[in-house]
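Q: Same order as they appear, the protein sequences are chains A and B.
For the first sequence, counting from 1, position 242 maps to 510 in our numbering; every step adds exactly one.
For the second sequence, counting from 1, position 50 maps to 56 in our numbering; every step adds exactly one.
No wet-lab data here; the hints were simulated from the structure.
Cβ atoms here follow ideal geometry from the backbone N, Cα and C, with glycine treated the same way.
It cannot be assumed that every hint is accurate.
Said to hold, decoys possible - Restraint-style ranges between C-beta atoms, simulated for each label pair:
{"no.": "1", "chain 1": "B", "residue 1": "Glu-180", "chain 2": "A", "residue 2": "Trp-281", "range": "53 to 59 Å"}
{"no.": "2", "chain 1": "B", "residue 1": "Gly-131", "chain 2": "A", "residue 2": "Trp-325", "range": "54 to 60 Å"}
{"no.": "3", "chain 1": "A", "residue 1": "Lys-428", "chain 2": "B", "residue 2": "Asp-193", "range": "35 to 41 Å"}
{"no.": "4", "chain 1": "B", "residue 1": "Glu-63", "chain 2": "A", "residue 2": "Trp-281", "range": "33 to 39 Å"}
{"no.": "5", "chain 1": "B", "residue 1": "Gly-131", "chain 2": "A", "residue 2": "Trp-281", "range": "32 to 38 Å"}
{"no.": "6", "chain 1": "A", "residue 1": "Trp-365", "chain 2": "B", "residue 2": "Glu-63", "range": "37 to 43 Å"}
{"no.": "7", "chain 1": "A", "residue 1": "Ser-273", "chain 2": "B", "residue 2": "Arg-187", "range": "58 to 64 Å"}
{"no.": "8", "chain 1": "A", "residue 1": "Ser-273", "chain 2": "B", "residue 2": "Lys-308", "range": "53 to 59 Å"}
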Amino acid sequence: MKHKSWAFPYSIWMVIFIAVPLLLVAYYAFTDEERRFTIDNISRVGEFTPVLMRSLWLAAIATVICLLLAYPLSYMISRMLGSRRRTLLMLTILPMWMNFLLRTYAWMTLLENNGVINRVLGWVGLGPFQMINTQGAVVLGMVYNYLPFMILPLYSIMTKIDATTIEAARDLGANSLGVFGRILLPLSMPGIKTGITMVFVPAVSTFIISRMLGGGGNLLIGDLIDLQFLGNAYNPNLGSAISLVLMIFILLFMSIFNQFGDEEEMEGSLL
Amino acid sequence: MKNNNIISLQGIVVVYDGERVLNGINLDIHDKEFVTFLGPSGCGKTTTLRIIGGFVEGQEGDVFFDGERINDLPPHKRKVNTVFQKYALFPHLNVYENVEFGLKIKKVKDTERNTRVREMLELVGLRGFETRNINQLSGGQQQRVAIARALVNHPRVLLLDEPLGALDLKLRKEMQVELKRIQQSMDITFIYVTHDQEEALTMSDRVVVMKDGDILQVGTPQDIYNEPANAFVADFIGESNILDGVMPKDFVVDFAGRTFECVDKGFAPGELVDVVVRPEDIKVVAPEEGQLSGIVESVIFKGVHYEMTVDVGGGSWLIQSTLSEDVGTCIGMMILPNDIHIMHKEGDAK
């Protein structure tokens with residue numbers, strides 16, 4: 269490459285803003301307040317296993333729901349023509365232009381015990397239901413906020429699937445299920461993988477959504493980390509340790525996930 | 007219905023966005039014949055093919071397959087297979103898996119499936135390519151995979167939508183011969199769509215000439231070439247000189263300022279007609295011996311013959327001759343009565 273040297277400033281950038289902070293996190297994780305080496309922080313992370321599990325579990329549910337919602341929608345949009353396609357795509361991305369906090373606050377007022385939904389239900393003699401401060405509300409918040417990150421990669425891979433490829437499959441005897449299983453699914457696999465990564469990773473480490481919609485009882489690992497740095501529990505060493513463990517979990521998840529069906533990714537990217 | 011017909015289209019009308027793409031098509035396709043739909047783009051030939059394949063539904067009319075009405079039968083249940091224009095191979099499957107696709111769907115047993123796929127790859131000359139990736143193949147090879155993928159299902163009818171359009175001239179000629187050979191060895195019906203008249207004449211048992219959603223003429227390549235139904239067909243099939251003429255009575259026609267003897271009859275006295283003369287049917291003679299004379303305007307060498315444009319009293323004529331004449335010379339032209347084709351003015355034809 270002729271312009272290899274141009275990448276040099278970028279490598280400095282990477283060292284300062286990625287490598288150094290990571291090393292700092294690791295340093296904090298393995299030291300105590302007096303900067304002496306210790307593994308106490310790491311071993312204390314075990315105390316928070318239920319929170320970690322809850323985070324992984326809720327993020328996984330949210331990811332699956334996002335996939336189930338986004339897949340048919342992306343397919344429909346990808347099969348549309350010109351202006352209708354652009355309009356619908358715009359509509360799916362539009363919420364992302366609104367501030368993240370604002371969007372989540374909006375859900376608070378909707379879900380509250382005397383919020384909009386419960387009041388409307390009250391008029392027809394239903395409820396009130398406990399919606400805010402539940403795990404369901406947290407999953408809802410995750411799905412709502414991260415859905416576009418699932419739709420976009422799926423949509424962009426599906427626009428590359430030629431309509432005649434699908435016609436050819438039907439011509440050769442495949443019914444709708446056959447077309448889906450043998451053509452659509454394998455050809456859209458790279459998009460599915462990207463989408464899952466882009467939803468799961470931020471969802472598993474979120475803290476605002478769980479705090480606002482999940483109440484005190486549904487803290488996630490992200491909240492825990494936040495509390496160690498900015499909350500009453502102030503303990504940056506422990507916070508760093510939790511972050512480190514979370515990161516390892518995510519890396520583990522990603523590497524397992526990327527091993528699975530590597531072939532399709534390769535072929536899909538050749539499209 | 008006659009037992010020889012495998013497919014019968016009756017009064018098919020297709021309207022897209024208020025535009026009539028097919029204007030009430032009636033057509034019988036015989037079993038085991040090679041039929042070509044020929045026409046300029048937008049004439050409705052591909053739509054007709056898609057009607058048979060089940061990808062387009064007509065607003066009016068019926069499609070019969072083996073005497074059975076199949077209007078509502080979805081594509082995956084029809085006994086026809088298609089070779090698509092841009093092949094539409096499955097990019098995530100290799101050559102073998104692409105060909106195998108239809109048989110796998112139909113749950114054909116492993117051993118039989120294997121035999122049939124290999125047999126088919128043999129037929130299209132792709133033995134040894136089984137594990138190749140689709141995007142490692144050339145256009146011609148992809149074409150062969152598409153044909154094998156369709157034929158392995160043993161369809162009664164194979165539909166081919168301009169399958170050779172993307173290939174270069176030499177490869178196209180080879181594939182034309184190849185396709186004809188495959189059709190004969192498989193002994194099934196081929197329905198072939200093309201805008202290339204030479205392709206249509208080379209391969210077909212019958213040619214269906216289409217224009218603006220109508221069928222203009224159905225016939226053998228010889229019929230279509232020698233007895234075109236109207237000036238459009240004459241012009242579309244091969245080169246033609248098309249002139250305005252008048253038929254004062256049977257066997258006589260006036261055009262280019264002269265009276266000619268001809269072999270046509272049955273026109274109204276004094277009817278305005280189109281006169282078609284093929285460039286190769288005009289004989290170049292000495293100026294004083296010709297029925298017509300003109301000045302050579304240009305000469306192009308075409309390999310087997312020379313192609314000349316000749317100015318005849320202000321009108322430009324195309325002549326093909328094995329001998330070249332110098333530009334600017336005056337030549338005489340002879341046309342035999344048999345080579346003068348008279349047809350009704352287009353529009354009155356139907």
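Q: All hints, please: hold or fail.
A: So, going through the hints one by one against the coordinates:
no. : hint                                 : verdict
1   : B:Glu-180 with A:Trp-281: 53 to 59 Å : 57 Å, holds
2   : B:Gly-131 with A:Trp-325: 54 to 60 Å : 56 Å, holds
3   : A:Lys-428 with B:Asp-193: 35 to 41 Å : 39 Å, holds
4   : B:Glu-63 with A:Trp-281: 33 to 39 Å  : 58 Å, violated
5   : B:Gly-131 with A:Trp-281: 32 to 38 Å : 55 Å, violated
6   : A:Trp-365 with B:Glu-63: 37 to 43 Å  : 42 Å, holds
7   : A:Ser-273 with B:Arg-187: 58 to 64 Å : 59 Å, holds
8   : A:Ser-273 with B:Lys-308: 53 to 59 Å : 58 Å, holds
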